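> The listed protein sequences derive, respectively, from chains A, B, C and D. Going by our numbering, the first sequence opens with residue 1, and the numbers climb by one from there. Going by our numbering, the second sequence opens with residue 313, and the numbers climb by one from there. Going by our numbering, the third sequence opens with residue 551, and the numbers climb by one from there. Going by our numbering, the fourth sequence opens with residue 677, and the numbers climb by one from there.
To be clear, the hints were calculated from the coordinates, so they are not data collected in a lab. The model shown is predicted, which means the values in this text are computed figures rather than measured ones. Careful: at least some of the hints might be erroneous.
Capping the alpha-carbon separation at 25 Å, the derived lysine to any residue pairs in SDA-like fashion look like this [to be verified]:
#1 Lys649/C x Arg48/A
#2 Lys107/A x Ala232/A
#3 Lys973/D x Thr726/D
#4 Lys107/A x Thr310/A
#5 Lys559/C x Lys469/B
#6 Lys253/A x Lys204/A
#7 Lys204/A x Phe651/C
#8 Lys203/A x Asp616/C
#9 Lys973/D x Asn63/A
#10 Lys559/C x Asp616/C
#11 Lys204/A x Glu98/A
#12 Lys973/D x Lys253/A
#13 Lys1031/D x Ala93/A
#14 Lys617/C x Thr411/B
#15 Lys1110/D x Trp1161/D
FRET-style restraints, in silico, Cβ to Cβ [claimed, not checked]:
#16 Leu614/C x Lys425/B: 24 to 30 Å
#17 Leu75/A x Met1182/D: 27 to 33 Å
#18 Val500/B x Gln228/A: 58 to 64 Å
#19 Leu75/A x Ala1176/D: 47 to 53 Å
A few chain A positions that, by computed beta-carbon distances, are all more than 10 Å from chain C [stated by the list, open to error]:
#20 Pro11
#21 Phe45
#22 Tyr49
#23 Gln103
#24 Pro116
#25 Ile136
#26 Thr138
#27 Arg161
#28 Thr163
#29 Ala174
#30 Arg226
#31 Met254
#32 Lys256
#33 Glu272
#34 Ile305
Cβ coordinates follow ideal geometry from the N, Cα and C atoms, glycine included.
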Amino acid sequence: MEWFRSLMLPPQGSAFAAEVDNLYMFLFWLSAVLFLGIAFAAIYFAFRYRYVPGRVTPHITHNTTLEIVWSVLPLLLCVVIFFWGLGSWMKYAVAPGESMEIQITAKKWLWQFEYPDGSRTANDIHVPVNKPVKFIMTSEDVLHDFFVPDMRVKHDIVPGRYTEIWFTPTVLGAHHFTCAEYCGKGHSDMNGKMTVDTEADFKKWLETGGDEWKSYAPEVWGKMQREQKGCATCHSIDGTRGQGPSWKGIYGKMEKMSDGKSYLVDDAYLQESMMQPNAKVVASFEPIMPSFQGLLHPQDIRGLIAYIKTLQ
Amino acid sequence: MSTSTVDLQQDPHGHGDDGHGHDDPHHQHHFTTMEQQFDTSKIGMWLFLATEVLLFGGLFVGFGLMQARFPLEFKEAHEHLQRPLGALNTVVLLFSSWTMVMGVLSARTNQRKKLVVFLLITILCAFVFLGVKYFEYSHKFEEGLLPGHFYKHVGDKIQIDGHPSPGYATFFSFYFMMTGLHGIHIVVGIALLAWIAVRGSRGEFNSNYYTPVDLVGLYWHLVDLIWIYLFPLYYLIT
Amino acid sequence: MSEHTHNPKAEAAVYAKTLITLLILTAITVGASYINFGAMNVVVALTIATIKATLVALFFMHLLHDKPVNGLIAAAGFLFLGLFLMFTLLDFDTRENPKPFNLHPQVAAPAAAPAATAPAVTPEHH
Amino acid sequence: MAQALTHSDPHLGDRPRPAKNYLNATTGIWSWMSTVDHKRIGVMYLVAVTSAFFVGGMFALLVRLTLLTPSHKLFGKVLIDADTYNRVFTLHGAIMVFLFIIPSIPGSLANFVLPLMLGAKDVAFPRLNLASFYLWCTGAVLAVVSMIFGAVDTGWTFYTPYSSTTQNSVGIMTMAVFILGFSSIFTGLNFIATVHKLRAPGMGWFDMPLFVWGTYATAVIQVLATPVLGITMVLLALERAFNIGIFDPKIGGDPVLFQHFFWFYSHPAVYIMILPGMAIISEIIPTFSRKTIFGYKAIAYSSVALALLGFLVWGHHMFVAGQSDLATVVFSALTFLVAIPSGVKLFNWLATMYKGNISLETPMLYAISFILLFAIGGLTGIFLGALSTDVHLTDTYFVVAHFHYVMMGGTVIAFIGGVHYWWPKMTGRMYSEKWGRIGCALVFVGFNMTFLTQFFLGSRGMPRRYYNYLDQYQPLHAFSTFGSWVLGMGLLITAAYLLASLRKPMDAPDNPWGGTTMEWLTSSPPIEHNFEEQPVLEHEPYDYRPKVKKHA
């Protein structure tokens, strides 16, 4: 029946996923049987007792036994389903003490992750396989919701407080995660990739940011970083004014800043703008860009600068 | 189908023809008797009062939860309200409730003059209440104890980064919303009382027809009843 | 119009007694507010308020002798308000507030320690 | 003086059609605008809510068309951008919920039929009835004004802090919803007073038609829940205007508290939507089965039980929203209780059909469609009530599909069925039975094409309110969009033949279906004051036994 389950449900990426799927499939078959029974009765009665002029129908007002049976049986069934749902949900609600903790800060429309060692990523997480991982989440603006379909978990992210979610990934490779609480224009673009690594790969990735970048030209890698790290949300590449200045033609230009002076946009300026974005803000823009310190590894900064150079 | 019909030509008011109210100009065509019409109006009014309870209730629930969120701020903010003024307004409203119910009694016992006098005293009480409220409000305005982002008061104990905790502004948001909504009800009440006072002085009400007096009375008592809860919640619990 | 059967004088006397009782209760509740019962302050004040409200409903609003349906409607209003409060409190009183390892000061959870860690106020607020 | 009726001849009770009926007793636009006749107000509501349904439906078709391809392109041009899309689905939801479904059956059909069923001349407060119609109109106008001022992009749920900080006409829309709420309150208040005090002589509570029971239960919710919606909208508007600090955490508020406020109304509100639908089905099934209803009391009590239980389960919208774990568990347990009365109704309807004498005219086809679609809607509700499956399914298309099965497959199907059932009474005309069946078939097929697919989209992880989606979902989205065209076609055909029937001369008999409730006693269309003679009820409703004449 695996193929049948996969028609309806995404691949299973965690132990919890199997729990959810078992209940889901039970409810599916139960519903199928009940629905077919109801549909059969309705259609069969409509056909079997179809209209004959003058026929007198029996005067059946009620049947207490039958009515008790069809009230109590569903109730018992509901009790079973409730406890089944509760039992598996407890495993979602209570995180084990030894979980690795990752902090999520969600904002329109970007996911920021912070690891215990202080490294940060955006829209891209790596987690070790078969280790419970717990996310402590908060939002900087409106409600968001961290939803990982393969793990069968989601939870709202509420500004002003922290909420928690956890799972144990069991399947290596890429899993999709996405925002499930409506948060405005970029809601449906607020998604990213979760990579489940072996323990060793994960450690290495944490230290170096991985070595995927080596197989790309710097400007291509920079282009990818623009998408992944959320630069694209505010900085256009075609000259359109966004939340921040467009990157088109910005490299090598003298820009007037909000402090009234003009500065040359060169490698040093760009690097400073990523690490301390509000030190020099281009005039007429708001100082709202978050720092990408820890979020960008050296290869990412090099790549982004190389990419911006190409946008003339 | 087992339904029979009554010939209306012979029995123009159907069942329950107990003989009163048929010639009353206030009798509406879809009611059989004046009594049925009166009972129906009362059910309608009580349903409306239940919606009022839930409308105000939402604010009470919000106030309670915010109090639990900012207990210290709320405790401190309570001190800005003057207990004697709250107590005075409570007495005024309770007294007006009594004059109201005496007004209803007068209408029901065909005492036209007493009805008008009691209604006028009730209206007077309402104005006294509003006068006291005006005094209280202007005091709050002077001190900057205002709702939401209008809050300008200085010298609050709990400060965060040099600004007063948002709990203070929230307290006064609720204070102004709840007493304000209550005040709006008082103003509407004054209009209704004036309306039935005018009709009463024209002699429109008698023991057979005094529904508007009774319904406005119920409304007025509800306004009083809500104040009975607002008073301790804002002025006494500190 | 069940009130027809009452004697108007007796009825007026009942209203007068009700008013006096309400005024006495007001005096009691104001007096009690100067005594500190600690956590019971709220209970005392709201109990007296409820007694007063009941008196108003029963006598001034005639519920005592009125058709039962009107009392039922009034009770339903308060009952459903009670349900609203009860379930909302159920949530608020049993919430857990997890904290991250690297607490960012600007988003401290306010419910845990309301005074000290209330969320920061935005600059435009002032 | 009394005359007994039997059901054996459905046309019995026909008399020469009175020259004057409620439609032509007075003429001119003003005579309609100032009417206090519940029948005319019902007709005006019918026109108004179906117009709202049309507008909301257009937005729905636009949503589906946008999602046809992941690129949202039609003939090489991007149809609408993400911002517009958000406004369109918000308007679809807000219009359908507040302007259409909530007032639909109570405002139009119940307004028309309820006093007739009770043998009354009008509702208890006719002027209030007209006032609540004008409140609806005011709300509708404000909703249109909000569209002119940039429309709302918050979703119909107005979740804070998005709704308290977003830059557009949320203020006007909350005012519209506030006013529409009071329109709904006054309708409910009117019905409760009518049911209590204006029943025909001899009609006890358990002699009332089940439609009246359902409408009564609905009215209780309208009166007790809607005020909280009103105050929620006021608080939201004040939060936006003055930062009062209740819902926005930046100024000390709690966004989850908003959800409590909102769902305390909006969950009972789904029973405001579905109970009248169930009530219509409880009328249609015995009439077309020509058999007494099975379990009258069980159906009546289950309506009331649903109305009351509906108040205890709102937290099941918030299982992953950040409410406490204990609240989540309690709300889940209570949610399962709702399944019982819903199931009881379904089984009672089937038992009524058993050994009936069933003819499949259009209203009955809609009733059977209702049973099938509501069964799916109800059963998928169990997936969402169970805690662990809900974690995966909530906020996905599974929820979208579930509530469309209940709200559209349930309420709207019942509403259309009810319009057909009472069309002869309201207009005095019979519609084309052939086109009626074609329309019903298209609606049924189109509906299932549109929404059955969405269960699969949702369980496979497609979140709701998404403009962009992964390519893997495209086939299902496309199929759903094709379904929406079939559905739209079915609804258009239905509107067309119903309107076409108005051009015919009045040909409807007083009791075309052989119904046993009092509205069939009067002429079609009824006279201005409903009955020439005050009807008196002597036996329980839905009695299809051959009659022994009791009165000489």
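> Each hint needs a verdict: does it hold in this structure or not?
Quick rundown of the hints versus the structure:
1. Lys649/C x Arg48/A: violated (65 Å)
2. Lys107/A x Ala232/A: The given pair, whose Cα atoms are some 14 Å apart, holds under the 25 Å limit.
3. Lys973/D x Thr726/D: This hinted pair is violated, its Cα atoms lying about 33 Å apart.
4. Lys107/A x Thr310/A: violated (29 Å)
5. Lys559/C x Lys469/B: With a Cα-Cα distance of about 56 Å, the restraint between Lys559/C and Lys469/B is violated, given a limit of 25 Å.
6. Lys253/A x Lys204/A: Between Lys253/A and Lys204/A the Cα gap is close to 38 Å, so the pair fails against 25 Å, i.e. violated.
7. Lys204/A x Phe651/C: At roughly 22 Å apart (the allowed maximum being 25 Å), Phe651/C and Lys204/A satisfy the hint.
8. Lys203/A x Asp616/C: violated (78 Å)
9. Lys973/D x Asn63/A: OK: Lys973/D and Asn63/A at ~11 Å, within 25 Å.
10. Lys559/C x Asp616/C: Judged against 25 Å, a Cα distance of about 19 Å means the pair holds.
11. Lys204/A x Glu98/A: holds (21 Å)
12. Lys973/D x Lys253/A: violated (82 Å)
13. Lys1031/D x Ala93/A: violated (50 Å)
14. Lys617/C x Thr411/B: holds (23 Å)
15. Lys1110/D x Trp1161/D: holds (21 Å)
16. Leu614/C x Lys425/B: 24 to 30 Å: holds (28 Å)
17. Leu75/A x Met1182/D: 27 to 33 Å: Once the Cβ atoms are compared, 50 Å apart, the range 27 to 33 Å for Met1182/D and Leu75/A is violated.
18. Val500/B x Gln228/A: 58 to 64 Å: 59 Å Cβ-Cβ, so the 58 to 64 Å window holds.
19. Leu75/A x Ala1176/D: 47 to 53 Å: About 48 Å separates the Cβ atoms of Leu75/A and Ala1176/D, which means 47 to 53 Å holds.
20. Pro11: The assertion about Pro11/A holds, with a minimum of 29 Å to chain C.
21. Phe45: Holds: least Cβ distance 39 Å, greater than 10 Å.
22. Tyr49: holds (42 Å)
23. Gln103: Given a closest Cβ separation of 5 Å, the condition is violated.
24. Pro116: violated (6 Å)
25. Ile136: violated (4 Å)
26. Thr138: Since the minimum Cβ distance to chain C is about 5 Å, Thr138/A lies within 10 Å and the statement is violated.
27. Arg161: Answer for Arg161/A: violated, closest chain C Cβ roughly 4 Å.
28. Thr163: violated (7 Å)
29. Ala174: The claim stands: Ala174/A keeps its Cβ more than 10 Å from every Cβ of chain C (closest is about 26 Å).
30. Arg226: Holds, since 26 Å exceeds 10 Å.
31. Met254: Per Cβ check, Met254/A is outside 10 Å of chain C; nearest 31 Å; holds.
32. Lys256: At about 24 Å from chain C, Lys256/A clears the 10 Å cut-off, so the statement holds.
33. Glu272: Label holds. Min Cβ-Cβ 23 Å, cutoff 10 Å.
34. Ile305: holds (29 Å)
Checked against the numbered hints listed earlier, the structure breaks hints 1, 3, 4, 5, 6, 8, 12, 13, 17, 23, 24, 25, 26, 27, 28; every other hint is satisfied.
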